[in-house]
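Student: Construct all of the structure, not just a fragment, from the sequences and the given hints.
Spelled out from the first residue to the last, the chains are:
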Amino acid sequence: MPHKTFMAFIWPSLLAMILFIALPILSVGYQSLFIEHEQILIETETCGPFGCTAEVSVDSAAMADLRAEKPAGRYNGLGTYTNASHLAFDEITEIFATSDNFTEIRTRIMNLPFYKALIFTLAYTFIVTPLVIILGFIIALVVNSIPRFLKGPVIFFSLLPMIVTPLVGSLVLFWMIDSRGIIGAALQALFSDPSLSLKASPALTWVTLFVYGVWHSAPFAFVVFYAGLQTVPQDTLESAMVDGASRWERVRFVTIPYLMPLATFIALMQLMDNFRVFEPIIGFSAAASATSLSYLIYNDLRAAESPLFGSAAATSMLTIIGVIILLLPVLRRNWREFNRKT
Amino acid sequence: MARLQLKNVNKRWGSFVGVDNFDLDIADQEFLVLLGPSGCGKSTTMRMIAGLEDVTEGEIWLGDRMVNNLEPKDRDISMVFQSYGLYPNLSVYENIRFPLRVRKVPKEKHRDMVMKAIEMVELQDFMDRRPAELSGGQRQRVALGRAIVRKPTVFLMDEPLSNLDAKLRVSTRAQIKNLQSKLKTTTVYVTHDQIEAMTLADRVVVMNAGKIQQVGTPTEIYDTPANTFVASFIGSPAMNLVEGKLEKGVFQGDGIHVEGLPAGPSGNVTLGFRAEDAEIVEDQGQIAAPMYSIELLGEASMITWRLGGALVSIKTNKEYRAEIGDIVHARIPASICHLFDTASGERIDDR
Amino acid sequence: MSSLAKRKPPSLVMLSTVFVLFWLVVAAFPFLWTMWGSFKVEGDFFSRADWMNAITGPVTQRQHGSAFTLAGYEGAWIQQEFWRSVVNTAIVTLFVVIISLTLGTLGGYALARSGFKYTFWLLMAALVFRAMPHVTLVSGYLLPFFQLNIWGFLPTTIIVLVAINQPFTLWMLHSFFLSIPKDLDEAAMVDGCTRFQAFRLAIIPVMWPGVITTGLFSFLLAYNDFTVTSMLLTQENATMIPKINSFLGSTQEEGKVMYAVAAVVSAIVPLFALILFFQRQIVSGLTAGAVKG
Numbered sequence: 001m002p003h004k005t006f007m008a009f010i011w012p013s014l015l016a017m018i019l020f021i022a023l024p025i026l027s028v029g030y031q032s033l034f035i036e037h038e039q040i041l042i043e044t045e046t047c048g049p050f051g052c053t054a055e056v057s058v059d060s061a062a063m064a065d066l067r068a069e070k071p072a073g074r075y076n077g078l079g080t081y082t083n084a085s086h087l088a089f090d091e092i093t094e095i096f097a098t099s100d101n102f103t104e105i106r107t108r109i110m111n112l113p114f115y116k117a118l119i120f121t122l123a124y125t126f127i128v129t130p131l132v133i134i135l136g137f138i139i140a141l142v143v144n145s146i147p148r149f150l151k152g153p154v155i156f157f158s159l160l161p162m163i164v165t166p167l168v169g170s171l172v173l174f175w176m177i178d179s180r181g182i183i184g185a186a187l188q189a190l191f192s193d194p195s196l197s198l199k200a201s202p203a204l205t206w207v208t209l210f211v212y213g214v215w216h217s218a219p220f221a222f223v224v225f226y227a228g229l230q231t232v233p234q235d236t237l238e239s240a241m242v243d244g245a246s247r248w249e250r251v252r253f254v255t256i257p258y259l260m261p262l263a264t265f266i267a268l269m270q271l272m273d274n275f276r277v278f279e280p281i282i283g284f285s286a287a288a289s290a291t292s293l294s295y296l297i298y299n300d301l302r303a304a305e306s307p308l309f310g311s312a313a314a315t316s317m318l319t320i321i322g323v324i325i326l327l328l329p330v331l332r333r334n335w336r337e338f339n340r341k342t
Numbered sequence: 001m002a003r004l005q006l007k008n009v010n011k012r013w014g015s016f017v018g019v020d021n022f023d024l025d026i027a028d029q030e031f032l033v034l035l036g037p038s039g040c041g042k043s044t045t046m047r048m049i050a051g052l053e054d055v056t057e058g059e060i061w062l063g064d065r066m067v068n069n070l071e072p073k074d075r076d077i078s079m080v081f082q083s084y085g086l087y088p089n090l091s092v093y094e095n096i097r098f099p100l101r102v103r104k105v106p107k108e109k110h111r112d113m114v115m116k117a118i119e120m121v122e123l124q125d126f127m128d129r130r131p132a133e134l135s136g137g138q139r140q141r142v143a144l145g146r147a148i149v150r151k152p153t154v155f156l157m158d159e160p161l162s163n164l165d166a167k168l169r170v171s172t173r174a175q176i177k178n179l180q181s182k183l184k185t186t187t188v189y190v191t192h193d194q195i196e197a198m199t200l201a202d203r204v205v206v207m208n209a210g211k212i213q214q215v216g217t218p219t220e221i222y223d224t225p226a227n228t229f230v231a232s233f234i235g236s237p238a239m240n241l242v243e244g245k246l247e248k249g250v251f252q253g254d255g256i257h258v259e260g261l262p263a264g265p266s267g268n269v270t271l272g273f274r275a276e277d278a279e280i281v282e283d284q285g286q287i288a289a290p291m292y293s294i295e296l297l298g299e300a301s302m303i304t305w306r307l308g309g310a311l312v313s314i315k316t317n318k319e320y321r322a323e324i325g326d327i328v329h330a331r332i333p334a335s336i337c338h339l340f341d342t343a344s345g346e347r348i349d350d351r
Numbered sequence: 001m002s003s004l005a006k007r008k009p010p011s012l013v014m015l016s017t018v019f020v021l022f023w024l025v026v027a028a029f030p031f032l033w034t035m036w037g038s039f040k041v042e043g044d045f046f047s048r049a050d051w052m053n054a055i056t057g058p059v060t061q062r063q064h065g066s067a068f069t070l071a072g073y074e075g076a077w078i079q080q081e082f083w084r085s086v087v088n089t090a091i092v093t094l095f096v097v098i099i100s101l102t103l104g105t106l107g108g109y110a111l112a113r114s115g116f117k118y119t120f121w122l123l124m125a126a127l128v129f130r131a132m133p134h135v136t137l138v139s140g141y142l143l144p145f146f147q148l149n150i151w152g153f154l155p156t157t158i159i160v161l162v163a164i165n166q167p168f169t170l171w172m173l174h175s176f177f178l179s180i181p182k183d184l185d186e187a188a189m190v191d192g193c194t195r196f197q198a199f200r201l202a203i204i205p206v207m208w209p210g211v212i213t214t215g216l217f218s219f220l221l222a223y224n225d226f227t228v229t230s231m232l233l234t235q236e237n238a239t240m241i242p243k244i245n246s247f248l249g250s251t252q253e254e255g256k257v258m259y260a261v262a263a264v265v266s267a268i269v270p271l272f273a274l275i276l277f278f279q280r281q282i283v284s285g286l287t288a289g290a291v292k293g
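Here the protein sequences come in this chain order: A, B and C. Quick note: the first sequence uses the UniProt record's numbering, first residue 1, plus one each step. Quick note: the second sequence uses the UniProt record's numbering, first residue 1, plus one each step. Quick note: the third sequence uses the UniProt record's numbering, first residue 1, plus one each step.
Hints listed in this document are in silico derivations from the structure and should not be mistaken for laboratory results.
Here are the simulated DSSO-like cross-link-like pairs (lysine-lysine), alpha carbons at most 27 Å apart as the crow flies:
id, chain 1, residue 1, chain 2, residue 2
1, C, K182, B, K104
2, A, K4, B, K104
3, B, K116, B, K184
4, C, K182, B, K151
5, C, K182, A, K4
6, A, K4, C, K117
Note that the structure is a prediction, hence the values are computed from the model and not measured.
Tutor: Here is the structure:
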């Protein structure tokens with residue numbers, strides 16, 4: 001296809017992606033260098049019968065003018081990146097200088113919003129992803145062995161947790177784990193502890209979110225593996241049988257190696273999706289004990305008075321860098337393959 | 001009707017050379033076959049003629065027009081594809097009518113033209129079927145019908161028989177040959193099957209690794225292959241090739257000794273001869289070596305030796321019996337031998 | 001072949017049956033439970049006394065004279081004007097799907113048929129774009145959108161969702177077009193078509209399976225989106241998911257939480273229907289990317 005025809009076909013799509021994905025990334029980068037305007041204060045004197053009092057207030061008219069003039073705020077360089085709610089260099093140095101032991105360091109770092117979110121995001125990504133792959137694989141193996149007429153309905157119900165909107169899905173679970181909901185009540189009965197609440201402790205909230213993540217994504221892994229299982233070469237399986245491999249050995253030496261590329265694919269998709277974990281935190285009202293990078297950005301943009309664009313943008317930039325680091329192995333592999341081809 | 005010229009045509013992708021300096025003049029009404037193993041550049045050459053692939057260097061002339069920069073639709077060619085490229089949503093009739101429709105041939109002419117093409121490819125009974133409801137051979141004929149429905153200046157056929165089973169291939173081959181002689185349209189036909197090439201072609205172009213190896217009539221190519229590649233590619237079984245030393249007209253290889261060859265060349269040569277030209281003898285043969293295998297082919301038997309690194313086969317009558325490992329002799333007269341330079345592979349005798 | 005080699009020990013059959021049942025409960029029970037509970041009052045759905053109440057509904061019985069009540073739905077749909085959000089969602093998803101597919105089929109076709117190096121780079125860029133957390137992009141939109149005065153409107157959101165959707169749509173349709181033999185459009189071009197005519201006459205008639213599958217996923221993305229819609233739409237223009245979220249903030253007082261439950265169930269039901277009708281396409285779509293690697 002000549003270049004001209006190619007462009008004729010692809011330009012609308014390309015334009016959409018440049019305008020609404022590439023440019024916003026630049027816009028984020030630009031905004032991250034700015035910070036909200038300082039408040040302009042005016043002093044007014046009100047005199048009453050008991051003398052005059054000076055009152056300091058925000059000059060809202062002047063503020064509005066300033067905002068209209070410089071919407072991005074005032075230039076702050078990389079200041080936003082290093083302040084306490086982002087990379088917090090000063091605070092980190094101080095923590096390491098003044099803390100006595102590791103536990104203290106950990107607790108104090110977990111109090112820094114950015115690190116708290118980063119640690120949760122990474123934990124979520126790297127705990128949920130492998131669990132999803134393992135659980136999905138087991139479900140696929142088992143479903144593959146049940147009678148044919150049951151497979152359709154089973155797949156139907158299996159798809160539900162994945163298809164349903166993350167926010168809605170997490171709300172459904174959230175209501176059930178409420179201490180007055182069925183799972184919450186059942187857990188209280190099980191541990192005979194009437195004050196047990198999954199929402200109360202940070203650790204339990206983390207576990208709840210992980211469980212939700214696995215529940216939400218396992219169907220995806222299941223469906224992909226299940227489709228893969230249909231194409232496992234029967235010849236190889238049968239020759240393994242003839243060679244005397246047990247059921248488990250056949251799975252171990254034929255099925256798993258054959259499905260490895262699919263596992264890589266699922267891992268890639270899951271890493272991308274889990275890294276932006278966000279809706280469940282809202283659904284489970286879990287922000288107090290677990291926040292993610294995406295949640296931080298959301299929260300800044302939702303700030304009570306006016307959105308903290310600079311702060312949100314700085315977190316966004318750091319998140320984008322995180323995504324690129326995450327994708328680096330994949331990009332490198334593709335690049336190598338591409339070079340080998342040409 | 002047109003003559004088709006390719007003037008030093010090259011195709012490169014980056015540093016990879018697909019077609020290297022292809023230069024050929026194809027006469028009007030000629031049936032030309034491009035023959036070679038997969039990846040040799042024969043399909044690329046055809047696709048450049050069709051305009052589906054850009055020409056990196058060189059010129060393609062169709063009649064008196066240089067067509068390099070013309071869209072496929074403006075070249076006035078028609079093409080039969082390997083997997084046919086039928087429109088699955090259209091009936092046989094509509095498939096064949098498609099070129100007329102998009103080329104804005106007046107509507108009232110369509111029916112006559114399509115019906116004529118359908119008759120030529122004998123699909124009268126299947127006109128209203130969809131391609132999915134046809135057998136492989138019938139689909140193939142739809143593709144042919146679509147190619148002939150208008151009178152193009154050149155037919156291009158890209159391995160049109162390779163998806164058919166062996167029996168059907170033989171009959172469709174004959175049909176194609178017959179059609180071409182009736183229509184008298186210049187045809188370029190790509191195949192990797194040397195039998196198709198031999199049976200169909202006025203001239204064969206043997207290609208390998210992007211280069212033309214030899215151009216000639218089927219007989220020329222069979223009788224005087226230009227190099228070891230052509231020798232080993234043409235004929236069934238392929239020509240036997242044995243490496244050895246030639247000195248003063250005497251060839252000496254492992255288990256083979258031939259005298260009376262041309263006295264001129266000497267040194268490391270490859271001796272070639274065809275299985276059907278040599279014969280088994282009781283003793284005093286040019287080959288005297290333990291037999292490697294014997295296979296009954298039906299009308300004949302094939303005796304094989306392992307000489308040096310190569311397997312050498314000779315056809316003999318089907319009653320011949322010997323045990324594997326017996327010393328068996330064969331007569332290889334100098335007159336049936338071909339000599340090639342071992343290093344370059346080029347023919348060195350002057351037949 | 002089925003007899004000897006495929007026979008399984010009874011213990012394994014038991015184990016796998018139990019496992020499948022367990023998984024089915026895990027996957028489906030929460031939804032069935034919530035659907036059932038959405039017809040109760042809060043005192044039953046969140047019962048302090050006995051969880052069985054959520055099934056039998058004694059409080060509901062007491063308050064409404066029947067074990068089932070539509071009070072939650074009435075509150076959500078009429079009182080809180082959830083129907084508005086439903087209409088907005090319908091508009092957004094419809095246009096997102098149509099526009100995404102139009103742009104995506106053209107682009108995906110070009111990517112599948114062009115042999116040049118830059119297609120590789122475009123696909124890689126699309127992969128990186130696909131991985132961007134949507135909220136990072138939203139933080140890039142907000143300020144310019146405020147400035148241009150296009151914030152809060154449905155068309156803005158539609159275009160943004162289309163763009164965010166593009167990388168995925170392009171990948172999927174690209175691999176789908178690769179599976180359509182090149183011979184088809186090349187035959188059309190030799191027969192006398194331009195590239196566009198070949199696309200229109202030869203490719204469009206056969207591309208529907210892939211387009212439908214991709215369309216389903218575009219639909220899901222638009223339907224399920226929370227990040228973009230919650231940040232870019234005004235209250236009046238809110239789609240279902242942000243609307244549900246706003247219920248949570250405003251309706252924590254007694255009784256109102258059932259509005260949210262009813263709204264959640266209303267949002268789930270169309271997805272149920274979707275799987276029911278398009279299960280095969282969804283499964284094939286999920287695996288389409290995987291098969292190509």
